[in-house]
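Novice: Once you've looked at the hints, dock chain B against the given chain A.
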Amino acid sequence: MSRRGYGSLAAGRFSRFMLVLGFLFLYLPIISLIIFSFNYSRLVTVWDSANSPSLRWYQELLNNEALLGAAWLSVQVAALTATLAVVLGTLAAFALLRAGPLRSRALLSAMIGAPLVMPEIITGLSLLLLFVTLEQWLGWPAGRGMLTIVIAHATLAMAYVAVVVQSRLASFDRSLEEAALDLGATPTTVFWRITLPLMWPALLSGWLLAFTLSWDDVVIAQFVAGPNASTLPMWVFSKLRLGVSPEINALATLVILFVALVLGCGTWLSRRRERQVQRPVST
Amino acid sequence: MGRSRISRWTVAIPLIWLLLFLAAPFVMVFLISLSEVRLAMPPYAPFIEWVADSWRWNLDADNYLFIWQDGLYFEAFSYSLKVAAIATLCCLLVGYPMAYAIAQAPERWRSWLLLAIILPFWTSFLLRVYAWIGLLKTDGLINQALLALGVITSPLQLLYTDFAVLIGIVYSYLPFMILPLYANLERHDRLLLEAAADLGASTWTRFWRITLPLSRPGVVAGCLLVFIPAAGEFVIPSLLGRSDQLMIGRVLADEFFANRDWPVAGAVAMILLIVLLLPMVGFQKSIQRQSEDGV
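Protein chains in written order, with the numbering used here: chain A, 616 to 898; chain B, 2 to 296.
Keep in mind the hints are simulated off the structure, nothing from the lab. Do not take every clue at face value.
[Stated by the list, open to error] Among the chain A residues that face chain B by a calculated CB cut under 7 Å, a handful are:
| id | residue |
| --- | --- |
| 1 | PRO644 |
| 2 | SER647 |
| 3 | MET726 |
| 4 | VAL747 |
| 5 | VAL833 |
| 6 | VAL859 |
| 7 | ALA867 |
| 8 | VAL870 |
Cβ atoms here follow ideal geometry from the backbone N, Cα and C, with glycine treated the same way.
One chain only, chain A, in its complex shape (with noise of 0.2 Å):
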């Protein structure tokens, strides 16, 4: 019989095509950025062929205070939001799968899903408008900065989190903690031998997400920083608003190569385990 199923259709081909096409047009301005991020010109699109390739700017960026500020702030914002994200939302996975009160459930649910639809502006708003009341009325957080962008993020990275481990506990084997438990370990044990070992992948991308979200955001920042406090997006921002700058190309390089890598080695680790786990049982 002829193979008339899949792979030799028009279809196939057509969508191949514009997966081609798809990925040039994702990548074509990434590479782009990057190829001119060498370039001496000021002139960020105009090659200067007579000094490029050249470090000029890469240098410029080591040099630069204000960014280099905005980047530590940034690094220490998002390090907090993920790992304040990672137990808030872990506590409300937990929560919506397994414990409590059917009530408090509901209603957690109902409100864990809401930043997820949100568009930035909103909840940015919102929030600002809180802290400005609060401090009105109690004198916390007194003034804004680094609190109240960490909290900001923290609210809105623990939703991504609670998706993130709700998936993975949805799929847990609990017959090994009920083996755990009538074995006669406490709880307290069975969560830290056990529970806690299975999740920490859940938890680990779940960590990183949060923290990819609050680095890369600059519209919920925009409105909760405060004047003191600049995060790295935010200088971007407002770099951009005055038009293209050679330095910024050198900082998204430097970006764009670091998140490639991270990314590269999770999948290939994640792969290779999925394949040494498989291996006795194919074999």
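Specialist: Chain B alone, transformed into the frame defined by chain A:
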């Protein structure tokens, strides 16, 4: 006993957090949207005030009336929804074949192809928008290329146009369309298509009658994930758009930061939220219908 106390805290901690930092801010926005602007810090009238020996509520719907009567807001709303709708459609037309191709790819390729889709999404959003400034500028790469090829004789105005905003949104949100579509398409049972082929259905018939209807939840999810943030988008139109054509996100930010009119900004936010909530409710309904059909 210890267990139930732990489980109570497991619910209570995230619940209190969300009530404090999600629900309470909403109530604040709603109340402030009913208030009026004052020259004070914070710049709105107290909700309730002691005036001439009686308490007076300072809450009314004046801001909503003002927005309703002022044509600017209506125009900004309809422009945002239009841009978001067109961008969503473009994402669907580009993203569907891409998701389909990845779902068809050999198993060992898939995770790398998906990684290639996600990678630009993990690099900074702002930097991706920035990349398009370099491409679309009057002396940018697209104009340089077109001039060199002799397609045009003088540079086109590409940056600061509606077209630039559209490209920026499609570029930034394309992964949000592809991922739910892929998650759906990957689960399709190939036997259905093979059976249809054996019964003599053409490629097109099989696509229209089997693949597309089965992928409806993925299409709806992808469209919402693009449409909702695109409608409230504020960064892309500020960087790539015309300064006279305002999207509602930018209007909101301007009311807030430039005019310091918090009550009107609050009212704009409330209206935007309600407008965007409608498609969400429709989505919930369609999922319910789907699961009922499934049973």
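Novice: Decide, hint by hint, whether the structure agrees.
Specialist: Each hint, compared with the structure:
For PRO644/A, the interface hint holds, the least distance from its beta-carbon to any beta-carbon of chain B being 4 Å, beneath 7 Å. Annotation: SER647/A was flagged as interfacial toward chain B, and the flag holds, the nearest CB pair being 6 Å apart, inside 7 Å. Interface hint at MET726/A: satisfied, since its Cβ lies 4 Å from the closest Cβ of chain B, which is below the 7 Å cut-off. The beta carbon of VAL747/A comes within 5 Å of a beta carbon in chain B, closer than 7 Å, and the hint placing it at the interface holds.
Checking VAL833/A against chain B by beta carbon gives a least distance of about 6 Å; that is within 7 Å, so the hint holds. Using the Cβ-Cβ criterion of 7 Å, the hint placing VAL859/A at the interface with chain B is satisfied: the shortest such distance is roughly 6 Å. Satisfaction of the interface hint for ALA867/A is found here, the shortest Cβ-Cβ separation to chain B being roughly 4 Å, below the 7 Å cut-off. Checking VAL870/A against chain B: minimum C-beta separation of about 6 Å stays under 7 Å; hint holds.
Hint compliance for this structure: no hint is broken.
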